[in-house]
Every structure is written in structure tokens, then in C-alpha cells.
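J.: Sequence:
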Amino acid sequence: MAASAFGFGGIRFSKTIPLSKYIPPLQPHHNNTFFSFFPSSSSSSSSSSSSSINFSTKPLPMSHHKHLTINGDEQNIIKPSPLFVDDYHNIDQQLLDNIAYDALVWASLHGLLMGDKSYQKSGMVPGVGLMHAPFSLFPTSFPESKWKQACDLAPIFNELVDRVSLDGKFLQESLSRTKQVDEFTSRLLDIHSKMLQLNKKEEIRFGLHRSDYMLDEQTKSLLQIELNTISSSFAGFSTLVTQLHRYILTCHGKLLGLDSEKVPANNAVSQNAEALAKAWSEYNNPRAVIMTVVQAEERNMYDQHFLSAVLRDKHGITIVRKTMAEVDQEGEILPDGTLSVNGQAVAVIYFRAGYTPVDYPSESEWRARLLMEQSSAVKCPSISYHLVGTKKIQQELAKPGVLERFLENKDDIAKMRECFAGLWSLDDSDIVKKAIERPELFVMKPQREGGGNNIYGDAVRDTLIKLQKTGSQEDAAYILMQRIFPNISAAVLMRNGGCHKDHAISELGIFGTYLRNKDRVVMNNQSGYLMRTKISSSDEGGVAAGFAVIDSVYLT
1 MAASAFGFGG
11 IRFSKTIPLS
21 KYIPPLQPHH
31 NNTFFSFFPS
41 SSSSSSSSSS
51 SSINFSTKPL
61 PMSHHKHLTI
71 NGDEQNIIKP
81 SPLFVDDYHN
91 IDQQLLDNIA
101 YDALVWASLH
111 GLLMGDKSYQ
121 KSGMVPGVGL
131 MHAPFSLFPT
141 SFPESKWKQA
151 CDLAPIFNEL
161 VDRVSLDGKF
171 LQESLSRTKQ
181 VDEFTSRLLD
191 IHSKMLQLNK
201 KEEIRFGLHR
211 SDYMLDEQTK
221 SLLQIELNTI
231 SSSFAGFSTL
241 VTQLHRYILT
251 CHGKLLGLDS
261 EKVPANNAVS
271 QNAEALAKAW
281 SEYNNPRAVI
291 MTVVQAEERN
301 MYDQHFLSAV
311 LRDKHGITIV
321 RKTMAEVDQE
331 GEILPDGTLS
341 VNGQAVAVIY
351 FRAGYTPVDY
361 PSESEWRARL
371 LMEQSSAVKC
381 PSISYHLVGT
391 KKIQQELAKP
401 GVLERFLENK
411 DDIAKMRECF
421 AGLWSLDDSD
431 IVKKAIERPE
441 LFVMKPQREG
451 GGNNIYGDAV
461 RDTLIKLQKT
471 GSQEDAAYIL
481 MQRIFPNISA
491 AVLMRNGGCH
501 KDHAISELGI
511 FGTYLRNKDR
521 VVMNNQSGYL
531 MRTKISSSDE
541 GGVAAGFAVI
551 DSVYLT
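Throughout the sequence shown, residue numbering follows UniProt numbering, covering 1 to 556 in sequence.
If you're looking for bench data, these hints aren't it; they were derived computationally from the structure.
These figures come from a predicted structure and were not determined experimentally.
Every clue listed holds true.
In the SDA-like style, the derived pairs of lysine to any residue whose C-alpha atoms are separated by at most 20 angstroms in a straight line are:
no., residue 1, residue 2
1, Lys415, Trp147
2, Lys254, Pro264
3, Lys399, Lys415
4, Lys399, Ser174
FRET-style restraints, in silico, Cβ to Cβ:
no., residue 1, residue 2, range
5, Glu261, Asp462, 43 to 51 angstroms
6, Asp462, Gly497, 37 to 45 angstroms
7, Arg520, Pro361, 33 to 41 angstroms
8, Lys148, Asn496, 29 to 37 angstroms
9, Glu261, Gln329, 48 to 56 angstroms
10, Gln468, Glu173, 20 to 28 angstroms
11, Gly168, Ser260, 46 to 54 angstroms
Ideal placement from N, C-alpha and C gives every residue a C-beta, glycine not left out.
Using the sequences provided together with the hints, build the complete structure.
T.: Okay, here's the thing in C-alpha cells:
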């Protein structure tokens, strides 16, 4: 997904909605609200345009909080028409303002908060410059059969990551061309190579993963976007938004014709915390701590603190937060292999940083990463798990016959292949030619995480032609992926205290937890979910990067 921020400025509804009913009669769905499978280069932007929607982006004043809850005798007077999940733009404006105000209050009271970037210290000092995290006011519809398919895949992908991580030769060879042109990947591979030379074995292997999917509208197929093996974020906030949506539908569901029970339970934060606690327990040092490796400035710290709070309150485990520079300054490996940071033994290293070159501004951070890898602490992830999550390895695993190298169960292999989108190396000249001719059908992906890195549209053609002209090996830094065109739906997005109507697409992430001690699998579970929604004219989808909002699922 690649760069364009939400464009909501100066939008206001031009259509006057009568106040005689809370929900006006519904209009039939228009057939032209979906992407075609082979759109022209301009179709995605035109089909997703919000120019006909004029909606105020100003924060809701107190006067908008009118008591519109219908109960008692009033329910016998007003009998609203049932609302379809994709018809949120047809909700009466007064009711919408009321729900939006209640949602902002709920978010503030329950800690659905981030640091406001306009405050200088909001990413360093807790409690300074708080703003609600961006969220969807209502859940997004998703077919229950595809939801179950995504959930069922989680344990299979967990096992695949573990199997691939043990094949050091496969990882090194698959990424060898990338290493020549991508310094960041090269440095990671150097650490991995040193571990192979030392014959360093990870007896306890631990992963908190998230596999992201989109539902292709044309084929109705659930297709994988990527598999995240490091810093899989928003377990805390996704849990909260699910609770918020259930609250909204419990309060207003009868008016809206929606059932809160259709929003599946989401215990991502407690399940991720339980996995961390079990990894800590397997390490078997009750005096040791869990260390969360963090960025020096982190506006998303509260999502991370939710995990820490559950670990402390429910499991009685001490958590410390350290930057990689601090680990370099304060860390040492004791004679028995224990990692000690500032005099504290570390049982589990939980990376919420280290996935992007920005996290390594100096050699200090690289020394810290190597030090942690050499220790006996349980890593989440280890360097090998980290490398399994690269785009190049994803592309290699999609090749015919490669999954069979790591898995025996033919049914599991078939289930995985069913969700693979088209993935190609740039040394495939036929695919490169097609991508130059029809760039709108492809996405170029570098070996990067965190949002804002992918290449779309005409920029795909321009980049490929430039790479061909220079004749360099830099094409090895990228892969090509089939562009997925999901259903476009009406959405109401909450950002910066404002309520915005737009047309949107969504991406479903399924969390997976995996813990193994030698030959014993301690845990292999699907562990909650993250729904992210963005305006359909935006390519990128990162919440923290400013492109998307946190959402939940409404099963249909």
C-alpha cells in the first residue's frame, strides 16, 4: 500500500436529510461502486471519489450531544428502517453526531489514545499531548466464511514460519541478490550468518505474527497481502475498537438494524500477553524481566502499554522498555548466556522496533541487535523469524513446489496456496513487461515494513523503466505483487476529533501466537484480529503512518 494521506479537508454534506426519521428510506446499491478487475489507470481514483460528499470535518461541539437514545414508549413511535452495513452514509445526521460524540467519550475513557504529533514530547512522555487513535465509527462487513478461512490459516502460517526459520541456507540463498543492493537486509543477513557460524540454536522459539488479507471483489477470493513477523502492532487498540463497536451497536443497534453479536469477540491483547507470559515461563527464571525494545519516540506507546499492563496485572511479570541504544549502553551477556540490561536479567526480548533502517541511526543499534541475538533470551522475533517475514521470502514461498519443502500436510499446503496473490521476482522479464504495460494491476514492494514504502500506478512503470535503463542489480531490492481490488463500502471515519464520511476499503489482519521449546509445541493459536480501513483513493494502509483507521468486523 503507498503514499497519500487522507484527503478530508473542507468536506461538508450538501444533501439535506429530513429529521422526521432517524434513518431515511434506503436507496438501492449502485453497481458502479466496485473496482473492476482490470481497471484503467484512473478507475481506482474515480470510482472511489468522495467529491459528491460534503461533510464537516470540524470537531463536534457539545451542542451536538443531544439525547437521542430511544427507549420505552418512544420505541413504539419511531420504527426505523433496517440499515445495511454498507449504508452508513444514510444515517440521519443528528443521530450520527450523537453516536460520534459518544464514541469519542468512550475512546477517551478507555485509553484508545495516541500521542498528538503537534506536541513535541507526545512520543516520549506518557500523558502529554493525547489524541484519540483514528478509528471507524461502525464495523465493516466481512463474509463469515472468509473470516473463518483467515482464522484457520493462522496456525498453519505460524508453523510455516518456524519451519522456514530453521533452514538457514534457504534464507541466505533466497536473499543473496537482495543483499547486494539493500544495505538494511544485508546487515540483518550478516547477523543471521554469524549465528549460523556459531551454530547458535534457539531452543525456545517464539513468534507474535499477523497475516494481512484483502478480499478481492472480482474473484471473491481471500488473498494474503503480507505476513508480519516483527512488531505486529495494535493488539491493544484492535481489542478496544471491537469493544467500542459492540458498545455502539448495543446502544444504537435497534435504531440501526444491526446486531452487536455479529461483531466477533477480539481478545488480541490478552492472548498476546498470555503468549509472552508463557515464553517468560519457559525461560524459567522468575527474577528475569520481559524487555520491550522501543523507538526513542513512539506516539503509539499506549497500544504497547496495554500489553504491559496485562502482563503486570494478570501475570505478575515485570516489563522494562529500552531503546536499542540503551541496550548497547547498558547490556552485557553473562557467562551463562543470560542477557543483562542495567543489572536485570532478560527472559524475553519483545521487538517493537528494529524493523526499519530508521531504527538503526548508528553502529550502536547494530551492536545491540547482535548482542541480543547472541544471548540466551527468548527473542520475539529471532533474526531468522525476522527474515522469514521479508517480502522476498514471501515471494519465494509462493513458487511452485517450495511449500512442500517445509510442510507435509497436503491440505494445509492447498489452503495456503488458495490465499496467495500473484508474486514475482523482477528477473521475470515477461511479468516486468506486463507491469510496464499495465502498471495499475501491480504493486512494487521493497524489503521494508511500517507503511509508506510501496510503489503504485504510473510510478511502477517509471521505476521499472528506470531500473532497466540503468542496468543495475537494484531490481533485486523489489518484488512485484498482483494488485488486489477489494469491495468499496461507505464508511464513517473518526480522526482528530472529526467525523468524516468517505468510501473505503479494508484489510483484515489475523494475529497468530507460536511458542516452541525444543520439540514441544507449547502454543500455536489464532489470537485475535485487526481490521484496518482507509479511504479507497489511498494506496497505503498503515495506521501509525497516518493512512488508515482501526476498525472491526461485522460478519455477514
